[in-house]
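Asks: Model the placement of chain B on the given structure of chain A, informed by the hints.
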Amino acid sequence: MLILFGRMAYADFYIVVHGSNPQESMTKKEVVNLFMGRSRGFPNGDFALVFDLPRDDPNSADFYKALTGWSMSQVNSYWSRLMFSGQSMPPQPLPNEKAMIEILKRNPSGIGWLSKAPEDNSLRTILVLKD
Amino acid sequence: MFRIKFCTGLVLHTLCLVALIFQGGTLFAQTLDGSGSALRISGFGTLGLTSTDAPDGWGFRRDISQPSNDGGLRGDIDSRLGLQFNYAPTAQFELVGQFVLKRRSSYTPASDAIEWAFAAYRPLPDLTMRVGRVNIDAFLAADYRNVGFAYSFVRPPVEFYGSLPHYLDGIDINKDMQFDDSFWRFKAYAGRSHSGDLAFDGRTTIKPVYGLTVSRESNGLTVRLGLAYAGLASNPTILTPLLEGLDSMASVPIPEVVSQVENFQSRLDNTDSHGIYHSFAMNYDLLDWLWTFEVTKVTGHPTTRFTAGYAGIGKRIGSVTLLAGYSRISTPKLPVSAPDWVTPLTPILGEAGAFQAQAIASASALAVNNSGANQHSISLGARWDFRHNMALKVQWDQVSVDEYGARLWANGTLEPTNADVYSVLVDFVF
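Heads up: the protein sequence lines correspond to chains A and B, in order.
For what it's worth, this note's numbering labels the leading residue of the first sequence as 371, then goes sequentially.
For what it's worth, this note's numbering labels the leading residue of the second sequence as 297, then goes sequentially.
Derived by calculation from the structure, the hints in this document are not laboratory data.
Careful, some of the hints might be misleading.
Simulated restraints on C-beta separations [what the hints assert, rightly or not]:
1) 578(B) x 399(A): 18 to 26 Å
2) 595(B) x 382(A): 53 to 61 Å
3) 394(A) x 407(B): 44 to 52 Å
4) 572(B) x 486(A): 52 to 60 Å
Going by beta-carbon spacing under 8 Å, a handful of chain A positions derived as facing chain B [what the hints assert, rightly or not]:
5) 384
6) 443
7) 450
8) 451
9) 500
Interface residues of chain A toward chain B, partial, derived using beta-carbon atoms under 7 Å [to be verified]:
10) 408
11) 410
12) 411
13) 417
14) 425
15) 442
16) 446
17) 447
18) 454
19) 455
20) 456
21) 459
Where a beta carbon is used, it is the ideal one built from N, C-alpha and C, also for glycine.
The shape of chain A in the complex, shown without the other chains:
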């Protein structure tokens, strides 16, 4: 129970971009549009490179539940409609959060998510998703 309670209490997720990204902030809806393939760019019109963690990452199911309210199966079913109809590919999955941080540091147009606030000054949190 304590473990469950602790997990529920700290289920925030951090939507992170490069420190030089001119986009100051984003709404949850704008982030949903990027991560769910409805939009390919930041609200200011710049192309966005969206990065994800693997679908079987221990935090992925909670992240997508917090972002969309959907289960992982629903997210996969949704993406199978988009990717196999040639509309859009899901965000590129990276092996882990360490790789996410490294890639976002190198990509001014990148956006991704972390389960902890980034400590590196070259990254900036653009939205905190609360469960």
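Replies: Same frame as chain A, now just chain B:
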């Protein structure tokens, strides 16, 4: 007792490929230096068994491009494997190829295995132009009807999707717009396609094809309108001798017979004609409920005319979704009867000639009467997402076929009948 008629080759090949895929882990391929993937390989598939309880010889099909079969317990109605390659060297440019392996008719050219093959260019994040083999995006599930994991029922409703053309060789342009809570998509397309019943040599060329689709999505509710024009450029090869026979009858000096010949020609000869597809769809996916509704009316040449629709409802309980649906198709009223050409033509053509003419009249009436698709079905099913990328589905369809309405079936006859179709399958994506 059921007869087991697996398409063993397809099922075994599919199993081997799936085993390799899961053994080898992910097929996501190479990654460029920190800027995302250049080449990604992904896929989907279905392993399915279908048992049909119908009159002897009647073969259930998920669409009329499937080859003939004579019913029973089969593994080749829904089983298929798809592989997709996406190569995106930049955010603006992408190459996509998708290949689908399944049992196909001997009248199908090998190139039909290519479901998608296009180059996409995105000058702006919300504007996409695609050239190559895309899809006729006129209907809700038109783009992903092969991808079982993408929808809840075991297959898109046969009454609705069973006779619609698939791919489009041409171009499409897609524009996305967002207004507050709603997400709009406008798509225009043009090109050519093929359609027809491939239980026999019924393939026809459709050109030009052009259309518009508008969809709006907001808070789980998707509403979609479509309008498409399909020019009919050729007749099925199997009808060529009959149409030549009717041509030869058009010059007999009896106006009543000529009028009847012209009536048959207008119902059987596709050339220089067209069909216009009007469609409306709604899909509501909120919390644990799914609602879907779609209707289409096709006007134009008699061979293209039909009205079809379906409604479905689903309730999610954990990883299980319970489903119920109803779908229907109807085509113009039948039957037509074979006119008597022996009596008026015997004095002119002689007995032998008049009997040959009568054979053309009878064959023409039969061809028209076989073109009807009038049936409805009730479906009950369940989907269990037992892994995040795999789902087990079971479904029972009770199909009622009206008199002169069995066009969607292989080896159907003109009599009305009822049939039960039981399906068990596993859908997966990787």
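Asks: Each hint needs a verdict: does it hold in this structure or not?
Replies: Now the hints, each set against the structure:
1. 578(B) x 399(A): 18 to 26 Å: Hint holds: Cβ distance 22 Å, inside 18 to 26 Å.
2. 595(B) x 382(A): 53 to 61 Å: Check passed, 55 Å falls within 53 to 61 Å.
3. 394(A) x 407(B): 44 to 52 Å: Between residue 394(A) and residue 407(B), where Cβ atoms are some 50 Å apart, the hint holds.
4. 572(B) x 486(A): 52 to 60 Å: Roughly 57 Å apart at Cβ, these two residues keep to the hinted range, so it holds.
5. 384: Result: violated, 20 Å to nearest chain B Cβ.
6. 443: Hint on residue 443(A): holds, closest Cβ of chain B at ~4 Å, below 8 Å.
7. 450: Status holds, d = 4 Å.
8. 451: holds, 4 Å
9. 500: Interface hint status for residue 500(A): violated (20 Å vs cutoff 8 Å).
10. 408: holds, 6 Å
11. 410: holds, 4 Å
12. 411: holds, 3 Å
13. 417: Status holds, d = 4 Å.
14. 425: holds, 6 Å
15. 442: Holds - the Cβ of residue 442(A) comes within 7 Å of chain B, reaching about 4 Å at its closest.
16. 446: holds, 5 Å
17. 447: Because about 6 Å separates residue 447(A) from the closest Cβ in chain B, which is inside the 7 Å limit, the hint holds.
18. 454: holds, 5 Å
19. 455: holds, 3 Å
20. 456: holds, 5 Å
21. 459: holds, 5 Å
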